[in-house]
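So the chains spell out like this:
2 protein chains.
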Amino acid sequence: MKVINLHDLDGTDNDVDHGNWRSRRFVLARDGVGFSFHDTVLRAGTETEMWYANHIECVYVYAGKGTLVNRETGEEHPLAPGTMYLLDGNERHTVRVEEDIHCACVFNPPVTGREVHDEHGVYPLLTEETSPA
Amino acid sequence: MKVINLHDLDGTDNDVDHGNWRSRRFVLARDGVGFSFHDTVLRAGTETEMWYANHIECVYVYAGKGTLVNRETGEEHPLAPGTMYLLDGNERHTVRVEEDIHCACVFNPPVTGREVHDEHGVYPLLTEETSPA
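If you read the sequences in order, they're chains V and D.
Take the position in the first sequence, starting the count at 1, then add 38; the result is the number in this note's numbering.
Take the position in the second sequence, starting the count at 1, then add 38; the result is the number in this note's numbering.
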């Protein structure tokens, strides 16, 4: 059993800030449970293009307000507390944020914690065995 | 891409109420993404013994207040917004609830949606292939 408070992660290697967003990772590939689990804040006033070409992601908004754009179809979805979106088709998508969005995120395969979005907004597929130290 | 609001699940087969708790399931085994994802409310004043002998569970509290007891060790942990607990050793545990706890839950293997806690508080391991209709 592991019990971790969000603020226990502040300033650690599991606290990743990319400007538009900050992600604190509770569970990573090295935990060996088959998924990773993060708390992510998307900052008000930002718009971020993302594309998880190698991962399935589930996002659950528990605070904040914004819009999710499916760039494959142009469709827009309001984001508010209680909205879940599942990227089960590696969809290119954009999140526009009106009020700081706080969300719980699940990735499969699990993120190692060393990925960064590349120029396409893509997380590379890293595994515990192959990822750089 | 799937986008679902919590209240879209109200009163559906994905809305399961067992008295002490209510679980609304956004993502289940049939979604084929390798995990299931639920929003669960544990009701104030209740105490529930649980044991996921066949599943890893990650729980993230985003509202409410209570106590998690690891029944294997007797250790107690406060539960409040921002607390994550990962049951990576199939630990028998109890949750005592002071104020309604709202949490996001991830299960691996994914729950099919047809499990119920048995007399030991255990979810049986069901798969999409073997579970009853």
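These aren't lab readings, by the way, just hints derived from the structure by calculation.
Treat the hints with care, as some may be off.
You can't tell identical chains apart in this list, so a pair holds if it fits in one copy or across any two.
Below are the SDA-like pairs computed for lysine to any residue, each with C-alpha atoms no more than 25 Å apart in a straight line [said to hold, decoys possible]:
1. Lys40 <-> Gly112
2. Lys40 <-> Val79
3. Lys103 <-> Asp51
4. Lys103 <-> Gly72
Status of Asp51 relative to Lys103 across identical chains (alpha carbons, at most 25 Å):
neither (28 Å within a copy, 28 Å between copies)
Treating 25 Å as the Cα threshold, decide for Lys40 and Val79: within, between, both or neither.
both (22 Å within a copy, 21 Å between copies)
Up to 25 Å CA-CA - Gly72 versus Lys103, copy category:
Classified as neither: same-chain Cα gap 30 Å, cross-chain 28 Å, threshold 25 Å.
Between copies, within a copy, both or neither: which fits Lys40 and Gly112 at Cα up to 25 Å?
between (41 Å within a copy, 14 Å between copies)
Consistency with the previously given hints fails for numbers 3 and 4, ordered from lowest to highest.
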